[in-house]
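> Generate the whole structure from the sequences, applying the supplied hints.
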Amino acid sequence: MQVDIVITLRESILDPKGKASHHALKNLGFSDISAVRIGKYIQIEVDTEDPEKAREIAAEACEKLLANTVMENYEIRLPDTTA
Amino acid sequence: MNFGVLVFPGSNCDHDAYHALKHIHGIDATFIWHKEHELGNVDGVIIPGGFSYGDYLRSGAIARFSPVMNAVARFAEKGGPILGICNGFQILLEARLLPGTMMANEHLRFTCKFVNLVCQNRETPFTTSIPDNLVLNIPVAHGEGNYYADRELLKELEDFNQVVFRYSDAVGSITPESNPNGSVSNIAGICNKKGNVVGMMPHPERAVETDLGSNHGRYLFESALSHIATAL
Chain A
5 MQVDIVITLR
15 ESILDPKGKA
25 SHHALKNLGF
35 SDISAVRIGK
45 YIQIEVDTED
55 PEKAREIAAE
65 ACEKLLANTV
75 MENYEIRLPD
85 TTA
Chain B
214 MNFGVLVFPG
224 SNCDHDAYHA
234 LKHIHGIDAT
244 FIWHKEHELG
254 NVDGVIIPGG
264 FSYGDYLRSG
274 AIARFSPVMN
284 AVARFAEKGG
294 PILGICNGFQ
304 ILLEARLLPG
314 TMMANEHLRF
324 TCKFVNLVCQ
334 NRETPFTTSI
344 PDNLVLNIPV
354 AHGEGNYYAD
364 RELLKELEDF
374 NQVVFRYSDA
384 VGSITPESNP
394 NGSVSNIAGI
404 CNKKGNVVGM
414 MPHPERAVET
424 DLGSNHGRYL
434 FESALSHIAT
444 AL
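Protein chains in written order, with my numbering: chain A, 5 to 87; chain B, 214 to 445.
Keep in mind the hints are simulated off the structure, nothing from the lab.
As the structure is a prediction and not an experimental result, all values here were calculated from the model.
Glycine is no exception: its CB is placed at the ideal position from the N, C-alpha and C atoms.
Treat each hint with caution, since some may be false.
[Unchecked claim] Chain A residues, not near chain B, derived (Cβ > 10 Å throughout):
no., residue
1, MET5
2, ASP8
3, VAL10
4, GLY33
5, SER35
6, GLU53
7, ASP54
8, GLU56
9, ILE61
10, ALA63
11, ILE80
[As the list claims (entries may be wrong)] Pairwise CB distance ranges, derived in the manner of DEER restraints:
no., chain 1, residue 1, chain 2, residue 2, range
12, A, ARG81, B, LEU321, 25 to 31 Å
13, B, ASP241, A, GLY22, 44 to 50 Å
14, B, GLY267, A, ASN31, 29 to 35 Å
15, A, PRO83, B, ASP241, 54 to 60 Å
16, A, LYS21, B, GLY267, 16 to 22 Å
17, A, SER38, B, ASP241, 58 to 64 Å
18, A, MET5, B, THR324, 42 to 48 Å
19, B, THR243, A, GLU67, 32 to 38 Å
20, A, ALA24, B, ASP382, 22 to 28 Å
21, A, LEU29, B, ARG364, 28 to 34 Å
22, A, LYS68, B, PRO344, 39 to 45 Å
23, A, ILE37, B, PRO389, 28 to 34 Å
24, B, ARG309, A, ASN31, 39 to 45 Å
Dropping the structure here:
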């Protein structure tokens with residue numbers, strides 16, 4: 005099953021890339037955009053059909069390698085099975 | 214006396230480190246490929262600069278899982294002297310052999326220039342020979358050198374005398390203007406609590422000959438020489 009992982013900088017940490025992009029958007033006239041934060045999107049393919057198992061594996065991968073938890077948060081998104 | 218210089222795919226300051234060790238200071242140097250499981254018979258280790266694994270994911274994040282890093286961790290545990298320069302510093306942070314983390318430079322530009330540094334801990338194996346009051350002139354070359362530690366960690370670093378280098382102006386004043394990347398508290402280099410593992414963003418191996426702008430980097434290698442000679 006495909007699991008999506010979104011990694012973002014923690015709130016307390018200045019995001020220079022987001023700030024620079026926000027500045028550029030403002031220059032383009034996007035006055036309604038009040039903040040920009042830039043993170044990473046990672047797709048992993050996990051060999052299981054059990055969503056909880058997939059979440060567990062993804063979380064371990066984030067903790068060990070994909071995210072630096074000192075400065076980043078991660079969010080795991082499983083496929084929507086209710087649809 | 215023999216120093217190991219680690220080589221990862223994408224290391225590009227390994228030969229500079231080798232040159233500084235061997236040709237300038239007469240210290241035997243051996244390249245150690247990242248797939249090695251043992252360091253062999255070395256008295257010290259340099260983790261050189263570069264872009265290990267293309268800086269994919271985060272600088273140093275993938276290199277820290279190379280087999281050689283287990284051997285480096287054991288060497289660190291035994292008190293062996295280890296110097297991580299630039300990307301080497303980033304690898305040591307990712308490996309949690311040093312505390313804190315590295316972010317993109319505040320101004321988002323790759324910064325390649327000479328900076329001034331004050332040494333604030335002359336008790337590490339790489340800093341004992343740095344003359345008192347000397348403001349070191351050593352180049353930096355990095356896009357991600359913005360060292361970050363939260364308030365708690367910062368206090369800990371101060372309490373245990375772990376801040377080794379700070380960016381300063383030419384007379385040694387630690388000013389916001391002399392900070393090239395936005396590092397918290399102008400930090401350019403730190404060490405672990407024992408002091409044997411040192412990481413720094415500036416490149417001492419690129420400052421060992423006056424023809425190339427400065428020879429202040431020599432003091433770090435001379436420190437290592439006398440430290441190891443004393444220990445042997």
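> For each hint, tell me whether it holds in the structure or not.
Evaluated hints:
For MET5/A, the requirement that its beta carbon stay farther than 10 Å from each beta carbon of chain B is met, with the minimum near 22 Å. Non-interface call for ASP8/A relative to chain B: holds, since the shortest CB-CB distance, roughly 16 Å, exceeds 10 Å. Taking the minimum C-beta to C-beta distance to chain B, about 14 Å, the non-interface status of VAL10/A holds against the 10 Å cut. No beta-carbon of chain B comes within 10 Å of the beta-carbon of GLY33/A; the shortest separation is about 22 Å.
In this structure SER35/A is separated from chain B by more than 10 Å, as the shortest Cβ-Cβ distance comes to about 23 Å. Look at GLU53/A: its CB is around 28 Å from the nearest CB on chain B, clear of 10 Å, so calling it non-interface holds up. ASP54/A, annotated as away from the interface, keeps every beta carbon of chain B farther than 10 Å; the closest lies near 27 Å. Non-interface call for GLU56/A relative to chain B: holds, since the shortest CB-CB distance, roughly 26 Å, exceeds 10 Å.
With a closest Cβ-Cβ approach of about 17 Å to chain B, ILE61/A is found to remain outside the 10 Å limit, as its non-interface label requires. At the 10 Å boundary, the C-beta of ALA63/A stays outside the reach of chain B, the nearest C-beta of that chain being 17 Å off. Distance check on ILE80/A: its Cβ is at least 17 Å (rounded) from any Cβ of chain B, clearing the 10 Å threshold; non-interface status holds. Between ARG81/A and LEU321/B the beta carbons are some 29 Å apart, a value that agrees with the proposed interval 25 to 31 Å.
At about 48 Å, the beta-carbon gap between ASP241/B and GLY22/A stays in the expected band of 44 to 50 Å. Here the CB-CB span from GLY267/B to ASN31/A is close to 31 Å, well matched to the stated 29 to 35 Å. Look at PRO83/A against ASP241/B: about 57 Å separates their beta carbons, and that is inside 54 to 60 Å. The hinted range of 16 to 22 Å is satisfied by LYS21/A and GLY267/B, whose Cβ atoms lie roughly 18 Å apart.
In this structure, SER38/A and ASP241/B meet the distance hint of 58 to 64 Å, their C-beta atoms being roughly 59 Å apart. Between MET5/A and THR324/B the CB atoms are about 43 Å apart, so this pair conforms to the stated range of 42 to 48 Å. About 35 Å separates the C-beta atoms of THR243/B and GLU67/A, a value consistent with the hinted range of 32 to 38 Å. Between ALA24/A and ASP382/B the Cβ separation comes to about 27 Å, which falls inside the hinted range of 22 to 28 Å.
The given range of 28 to 34 Å is respected by LEU29/A and ARG364/B, whose C-beta atoms sit roughly 31 Å from each other. Range check, LYS68/A to PRO344/B: about 43 Å between beta-carbon atoms, so the 39 to 45 Å window is met. Between ILE37/A and PRO389/B the beta carbon distance is about 29 Å. The supplied range of 28 to 34 Å therefore holds. Checked against the hint of 39 to 45 Å, the pair ARG309/B and ASN31/A passes, with Cβ atoms roughly 40 Å apart.
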